[in-house]
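Q: Here the protein sequences line up with chains H and P, keeping their order. For our numbering, count along the first sequence from 1 and bump the result up by 3. Take the second sequence: its position 99, counting from 1, is numbered 87 in our numbering, and each next residue is one higher.
Worth flagging that the hints you see were computed from the coordinates, not collected in a lab. Any given hint might turn out to be false.
[As the list claims (entries may be wrong)] Where chain H lies over chain P, by a calculated footprint (3+ residues, C-beta under 8 Å):
#1 24 to 37
#2 40 to 50
#3 59 to 65
#4 81 to 89
[To be verified] Among chain P residues calculated to face chain H with C-beta under 8 Å, some are:
#5 1
#6 68
#7 74
#8 76
#9 93
All residues carry an ideal CB built from backbone N, CA and C; glycine is no exception.
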Amino acid sequence: MRSSARRIWGMLYRHLALYRHSWPRVLELAYWPVLQMCIWGFTARFLTARMGSGAALAGATLLGGVLLWEVALRSQMGVAISFLEELWSRNLGHVFVSPLRPWELVAALIGMSIIRMLAGVLPAILIAWAMYAYNLFALGPVLVLFFANLMIMGWWVALAVVSLILRHGAGAEALAWSVLFGLTPFSAVFYPVSVLPRAAQPLAWALPSAHVFEGMRGILLNGVVRWDHLAAAFALNVVWLLAAAALFARQFHQARVRGALLSIGE
Amino acid sequence: MDAIRVSHLTKRYGDVLAVDDIDFAAPVGATLGLLGGNGAGKTTTIAMLLGLLVPTAGTISVLGHDMARDRFTALARMNFSSPYVSLPQRLTVAQNLRVYGHLYDVPRLAQRIGELADELDLRELLDRPAGQLSAGQKTRVALAKALINRPELLLLDEPTASLDPDTGDWVRTWLERYRAESGCTILLASHNMSEVERLCSHVLMLKRGRIVDRGSPQELLERYDRDDMEEVFLDIARDRRGAQAHANA
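Isolated chain H (complex conformation) (with noise of 0.2 Å):
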């Protein structure tokens, strides 16, 4: 167990010693939840001051719904670009020429993952805080169940896109950035999911995340900790992560088989 944890540590070691030498890439980290941040708070600004008392409420709801997101985005580009890093730098043939257990890679890259969501995220949070008056903590302690449903979500979907970079290379490493925006409509995070085309509502509710923002919207609006659909975020995700590990450790065991992992930056 020591040895693993220290096959772990070194892992982290390794990233956290390139974002040592790289500013770049520790401005990318808040960059853009700041970024986003900074727009829909002047847009809840705006709409208060024209609507009044009433779009202060969705105001706040909108906010919520940008900083509890970019939990679950952050999560999973955390776990995405960190094994990208690997194969940028063309090290995967060491690393996996190591010790290190598949298991223990992917403690890893969620420990960057938790590390990265929180230099991104802590910022957005403050600024919404100082500029537009926006206390997320005004969740209560229930936050840390919204937060810790959406990071795991952010890693059972970084596993899949890890998994399917396995399988096809590099070519596949745009979806790093872009699957969880397709699954955004379905997560209703600035609108519930009965807003949605019925035919999509089934697909919304197999998701944790829309679970986690029906909850997060019961708290804002009517001051009521949904604890069923908490028990379904939390119950989905054990589901999704299981399955996601699955295909993980399938397209691992392929990828040695067809000699992938030789040749996996081309």
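Dock chain P against the given chain H, drawing on the hints supplied.
A: Chain P in isolation, oriented as in the chain H frame:
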């Protein structure tokens, strides 16, 4: 005891037979050369020895561990260097060595890095990014990475490719000394025949995925009645002077 024991090893990619039912063993402390032209199956064989590639058939035992069932235990006791696999370019030499020291769970890592820096003349390079080094310096750093865990088996894929003669000679001298002092087993894939002649105690000649001849460099020179391994290599590659008879035998 054998450091490597390979039996009926085969790798097939669809219709292409990259490695075709090969058997060989490397005794502990030997330096085994893997020779052959491009596409002969050297890289595929090394990749299977490293667990990067799953064989279609056959078995591989490394340091007594079955690579199909227990590859991580074997991987902790071996290491690998190739000019075709990079280290992270933005990380400094010391950071790269620290990363791999952690991955191989090396005890007293700072002391080990210091030893390697002294042995491979890396002291002045430790704080430089790996991407800013010359080819010769990169080779020394790659060797330091490959030796970080004091491997009992070292796999080297063209260790002197793209090096000038002076640096190439320095690397070969260093490898000779290291093997003599440590007793580690070395498997070397190379296109440099003088290097093979100088370093290897035993040579496997591969062609189209099959071992077409084997023996010590001296045995091969006598068998083909040649003065250097370059000529032996060409005889086998071009099916000259009875090479085909050896292959069929």
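Q: If a hint holds in the structure, say so; if it does not, say that too.
A: Now for the hints, and whether the structure bears them out:
Here the stretch 24 to 37 of chain P counts 3 residues with a CB under 8 Å from a CB of chain H, which clears the bar of 3, and the coverage holds. Coverage of a stretch by a chain is defined here by at least three residues with a beta carbon nearer than 8 Å to that chain's beta carbons; for the stretch 40 to 50 of chain P and chain H the count is 3, and the condition holds. Counting residues of the stretch 59 to 65 of chain P whose beta carbon lies closer than 8 Å to any beta carbon of chain H gives 4, which reaches the threshold of three, so the coverage claim holds. Here's how the stretch 81 to 89 of chain P fares: 5 of its residues keep a CB closer than 8 Å to some CB of chain H, so the rule of at least three is met and the hint holds.
The closest approach between the C-beta of residue 1(P) and any C-beta of chain H is roughly 7 Å, which is under the 8 Å cut-off, so the hint is satisfied. For the restraint placing residue 68(P) at the interface with chain H, the shortest Cβ-Cβ distance is roughly 5 Å, inside the 8 Å limit, so the hint holds. With a cut of 8 Å, the hint placing residue 74(P) at the interface with chain H holds, because the nearest CB-to-CB distance is about 4 Å. At its closest, the beta carbon of residue 76(P) sits 5 Å from a beta carbon of chain H; the interface hint therefore holds under the 8 Å criterion.
Interface restraint check: residue 93(P) against chain H, minimum CB-CB distance 5 Å, threshold 8 Å, status holds.
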